[in-house]
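Build the full structure now, drawing on both the sequences and the hints.
Just so we're aligned, residue 1 is where the sequence shown starts under the numbering used here, counting upward by one.
Treat each hint with caution, since some may be false.
[Claimed, not checked] Simulated DEER-style distance windows between Cβ atoms:
(1) Arg336 / Pro201: 22 to 32 Å
(2) Gly104 / Glu161: 47 to 57 Å
(3) Ser367 / Pro160: 41 to 51 Å
(4) Lys415 / Asp153: 27 to 37 Å
(5) Arg512 / Lys135: 45 to 55 Å
(6) Arg341 / Lys135: 33 to 43 Å
(7) Lys415 / Asp141: 53 to 63 Å
[Said to hold, decoys possible] Here are the simulated BS3-like cross-link-like pairs (lysine-lysine), alpha carbons at most 27 Å apart as the crow flies:
(8) Lys482 / Lys455
(9) Lys124 / Lys135
(10) Lys421 / Lys124
(11) Lys511 / Lys496
(12) Lys333 / Lys246
(13) Lys415 / Lys124
(14) Lys415 / Lys296
(15) Lys124 / Lys511
(16) Lys415 / Lys455
(17) Lys482 / Lys496
(18) Lys421 / Lys496
(19) Lys296 / Lys496
(20) Lys124 / Lys250
(21) Lys415 / Lys333
(22) Lys511 / Lys482
(23) Lys482 / Lys415
(24) Lys135 / Lys482
(25) Lys511 / Lys455
Just so you know, these hints were derived from the structure itself, not from any lab.
Quantities reported herein were computed from a predicted structural model and do not represent experimental measurements.
Glycine is no exception: its CB is placed at the ideal position from the N, C-alpha and C atoms.
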Amino acid sequence: MTDNKEQYAADRIGDQTAEVWGILEQYERQAPEEEREDFRRHAERVAQLVDSFAGDMVPEQAIIAAATHDLADRVHPYGRKYAAENRMAQVALMDILTGPTTHGTADVYYITTLLSDMVALESKMDEVRTRMSWKQVQQGDITPGIASALVHDRPGALPPEIWEQIPPELNLQDKLEFIEQTNVEAVLIKSCEMIDNLQNPGQRSDSSLLRDIVEVESYLAPLVEIMGFEGLSAAMRSEAIITRFKATGKEQVIEDARERIDQIRESGVEAAVSKVLTLGRPDASSDHVATHRVVKEIPGERPVVMGEFAAEANGTLLAGNYRLKTVGSLAKKIDRENSHRPMDMLGMMVIADDQQELADQYVAFASQMMGSSDIQLEAAGSHNRALYVQGSPEFTEQLEQRMQAAGLLDQVEIKTDDPAKREQRGHGIYEVAKMTFYLQYGGIEVPTELQFLTKQERDRARLGEVSHISYKAGGGSSPQEKQDDEARMREIYRRKEYAAGDGIEINPRTKRRGEDMVDHLGKDDSPQLQRALEAYGDPAKR
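Have a look at this one:
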């Protein structure tokens, strides 16, 4: 009987997809004992995750590649670590590539290129992780014992201090150089595989899990975040945190976070968003608010909730986004702050066209909240007031004047950038106006942070000098180095365009990898694939 997860992925791939799962199931039954017990279920889950996080951005053939990624790992000529499984996996992969789910030579080469890219990505991350580990030993940041656990698989439990080591992110140049040499879809598939490996570790060793965490936190999560897949990045980081906490005896913190998140989810995230956007306006209702999830709802214990909204408010059409904190992110904050009530469990961002519109909306929302019985204003732990504004002198002066005119100046905390510090750092601080409060909804209190910023500042926060990616990746200190880092991030973001659209497109720099895999599959006593490719036609004449 086909379960919901399998059907979800099956529907995405197409009508003939039952054959893919059938081939994987047959391989699983015949594979040696060393093969993972959940081989087919793992493939289904990864395919489902790819569709959930990037289904609108990738073609169906990428979902097929996601379903067959472990077969390719068993047969790839560059790393024969699965010698016993190699022959059976080769036959299974050929059956899929020559079956009804592929519709021509272009499909075959696209899929094999993505599969080869994933093998190359794994090799690259292993190489970089090894180099990074021993470099940290030389710098005195970690001990040789910790480095050994990050480089080699070793049996037994790892001590807590190893799990608590947080690796530095690789610099932006490393990320840019790699993404230029691979296909975006391969990075997305590998990221989804990492999520499932952490969620379903099975009998994997502690050191194997720790290596996955390091690769997620230092490489994959920041890379896909720069490309604009914030939901996928958040999911990876969340699973990495959860795995760390489980290994260090902090299961109760995870359960506390999960319980809080589930309360809000069950009450309805979108309904809460609509209520915030219509507060204090009796004439407004949820009909005036439109929401759209950017990450599809999927079965599982720890879903990612992210979306976009549009609303009529105060005579203006507002647009922005919202997100519910992930279990891992909330658990980390609870553990760090020793508080079970962080103020940004529900985060909302109103993106204004300019500073004038931002000021108009911020003052209007602040006034409406003052008179609402459904709102309890509460300062976040790092601030003295629930209303908070920071930015350049021009930005804060405009907000200060507007708040004073509305009689709300005593309710707001204002931080103005110091010109001398601005000159020293080479750029201004993040310009934002926000408010934190408890929203009474569905019988619970929802700790909410509502931010207001301009489109220009939103762009600067994602890909500019005030982005946390630039900071965590060790961005340069000089103005020129900062400009170079911003250029690198924008180029990485542009790579996302190569995954968009209904058609398939192969990065010319990686095409040879896919051709090599086809040659390997079709060699020796296995002419099946070559005959099928010949029947499809000469790829040079496509």
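For each hint, the structure was consulted:
no. : hint                        : verdict
1   : Arg336 / Pro201: 22 to 32 Å : holds (25 Å)
2   : Gly104 / Glu161: 47 to 57 Å : holds (54 Å)
3   : Ser367 / Pro160: 41 to 51 Å : holds (50 Å)
4   : Lys415 / Asp153: 27 to 37 Å : violated (48 Å)
5   : Arg512 / Lys135: 45 to 55 Å : violated (31 Å)
6   : Arg341 / Lys135: 33 to 43 Å : holds (40 Å)
7   : Lys415 / Asp141: 53 to 63 Å : violated (33 Å)
8   : Lys482 / Lys455             : holds (21 Å)
9   : Lys124 / Lys135             : holds (16 Å)
10  : Lys421 / Lys124             : violated (39 Å)
11  : Lys511 / Lys496             : holds (18 Å)
12  : Lys333 / Lys246             : holds (16 Å)
13  : Lys415 / Lys124             : violated (43 Å)
14  : Lys415 / Lys296             : violated (38 Å)
15  : Lys124 / Lys511             : holds (18 Å)
16  : Lys415 / Lys455             : holds (21 Å)
17  : Lys482 / Lys496             : holds (22 Å)
18  : Lys421 / Lys496             : violated (35 Å)
19  : Lys296 / Lys496             : holds (19 Å)
20  : Lys124 / Lys250             : violated (32 Å)
21  : Lys415 / Lys333             : holds (24 Å)
22  : Lys511 / Lys482             : violated (33 Å)
23  : Lys482 / Lys415             : holds (24 Å)
24  : Lys135 / Lys482             : holds (24 Å)
25  : Lys511 / Lys455             : violated (38 Å)
In terms of the numbered hints stated before, the structure departs from hints 4, 5, 7, 10, 13, 14, 18, 20, 22 and 25, listed from lowest to highest.
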